[in-house]
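Asker: Take these sequences, add in the hints, and give me the full structure.
First to last, the protein sequences are chains P and R.
Heads up: the first sequence begins at 1 in the working numbering, then just goes up one per residue.
Heads up: the second sequence begins at 1 in the working numbering, then just goes up one per residue.
From the derived model, a few chain P residues whose C-beta atoms are all more than 12 Å from chain R:
#: 1; residue: I13
#: 2; residue: M32
#: 3; residue: Q104
#: 4; residue: L111
#: 5; residue: L112
#: 6; residue: T239
#: 7; residue: L246
#: 8; residue: V255
#: 9; residue: V261
Cβ-to-Cβ under 8 Å is the rule here; a few derived chain R residues that face chain P:
#: 10; residue: S27
#: 11; residue: L34
#: 12; residue: M203
None of these hints come from the bench; they were simulated from the model.
From the three backbone atoms N, C-alpha and C, an ideal C-beta is built for every residue, glycine too.
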Amino acid sequence: MITAERSGMTTKIKNSSRVYFHYITISLRSAMQYRVSFFLMVTGRFLVAFNGILGVYFMFSRFGHVKGYTFGEVLLCFSVIQMDFALAECIGGGFAMFSGIVRQGEFDRILLRPRSAVLQVLGSKFRIDRIGLILQALVMFAYGIAVSPVAWTTGRVMTLLFMLVGGTILFISFFWLRAAFTFFTLEGIEAFNILTYGAKEHGKYPIDIYGKKMLQICTYIIPYTLIQYYPLQYLLGRTDRWYYGLYPFGVAGIVLVCCAVWSFGMRHYQSAGS
Amino acid sequence: MRACKKYFSFFRLRFNMGLQYRMAAVSGAFTQILWGFMECLAFLAFRQADPAAYPMTVSATVSYVWLREAFFSAFRTWQTDGEVFDSIMDGGIAYELCRPVSVYNMWFVKTVAGRISVATLRSIPLLAVACLLPKPFRLSPPAGPVPFMLFVLTLFLGLGVTVAFCMFTYILAFFTISPQGLRMMFTSMVDFLSGAIIPLPFMPDGVRTFLELLPFAGMFNLPLRIYSGDLTGASMLRGIGLQCFWLVTLLLAGKALCRAAEHKVVVQGG
Chain P
1 MITAERSGMT TKIKNSSRVY FHYITISLRS AMQYRVSFFL MVTGRFLVAF
51 NGILGVYFMF SRFGHVKGYT FGEVLLCFSV IQMDFALAEC IGGGFAMFSG
101 IVRQGEFDRI LLRPRSAVLQ VLGSKFRIDR IGLILQALVM FAYGIAVSPV
151 AWTTGRVMTL LFMLVGGTIL FISFFWLRAA FTFFTLEGIE AFNILTYGAK
201 EHGKYPIDIY GKKMLQICTY IIPYTLIQYY PLQYLLGRTD RWYYGLYPFG
251 VAGIVLVCCA VWSFGMRHYQ SAGS
Chain R
1 MRACKKYFSF FRLRFNMGLQ YRMAAVSGAF TQILWGFMEC LAFLAFRQAD
51 PAAYPMTVSA TVSYVWLREA FFSAFRTWQT DGEVFDSIMD GGIAYELCRP
101 VSVYNMWFVK TVAGRISVAT LRSIPLLAVA CLLPKPFRLS PPAGPVPFML
151 FVLTLFLGLG VTVAFCMFTY ILAFFTISPQ GLRMMFTSMV DFLSGAIIPL
201 PFMPDGVRTF LELLPFAGMF NLPLRIYSGD LTGASMLRGI GLQCFWLVTL
251 LLAGKALCRA AEHKVVVQGG
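Answerer: In structure tokens:
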């Protein structure tokens, strides 16, 4: 009995993954239809993202350092957050555009299909054009690694990986949360943008430069420090507490919260008879 | 006079349309207040690192941040009037061209109206809150009645320069079917050069003198600095002069280009 159930689960996951990868290839193929405009958009986004670094660069060339962090260290922090955000927008783009999906009635069609709604929303709006941002983050990354004096050990590399994965999941969760709230109200969602775009913009500096109060808020209320500040301290060799590198796993809590809000919202939407 | 009347009605319609988005404006204002707060914190952190190298006073920086947040929606170059753009993209522009109205003037007026209405909606709650914050985050009063009047004047002139520049992006849509990538590159460059990312005084000296000659400095950076008394005397007059020069130049160039584009128009959407 149990083995039959378990194989049912794995085939379900395999099927869902296959569908998801299918979505990705479709997205890529459709983007490639308009090749020139695709590459222009990617380049455009690449350059837009560069603005951010230029600003930081000029500030550092004038001041030299901020709260004990050098340019290379800040660049590393910046590029991790950029990468997190770029990946989150790429994968979770469906959540970011969710209000449009609902408004145009597409969501009702999604609900009729025999696949998970989340899978469809995420897959259908996979944003391949975000590659520009990802590329830019990679370049910044490479430069930051080259310039900053990080003593790389296996532990530190793992920490970096956890930061990336945890951060991406955190941003996707916030997109998810915003999408879930569109079940209840279509206006006033903009406040959620602070969680995502605000974090991307202001998370470019290690959170402690904003002061102690901000550090506390970003630990206990919205757990940004778990994916940025704490693992970063270990990465930059400012602390010996290796377990800081495991903090990104804490985002699992947020994921559960978002999942709950989404399910609640979906039930509310379906019972309202749309 | 009759011509003015019809442009005025375009203005009024677009302005009223913009005022409808009240709820979005409130939550948007909330977002911006937090944003501005974080920006101030970041600037203060940098100032701590090397107070001698800090090129503006703290209150001038804080005023810059708040005023920028307040009027940001009016001055961003990458936000084009959706209505206008859609009409180019789906071919509705053909009808517009048949009307006895200059397309350039109409777009200009519509864009200005849209921006003023959004900015009015957003800036009032934002500025009100900014005046009530505790020091050092508080928005300080202007440096005097004359700077304030000049601030208001250059703000409107700056809006003119911004919209005149925006016109080019609309006209670009005439020539290329899919201008998004180019637009993005263009506008990100402009955003940076106009001091929207970091105030121009923070740039190294050589770069800054060059940038101040470009039209972008006259869009946003100029009025904000005049407000806090950061820019006075001869350099201020030079800045205003440059702003007027660019306003006229961009308007004339834009109109000429528009006329050329109208001859060449490709109507999309059948």
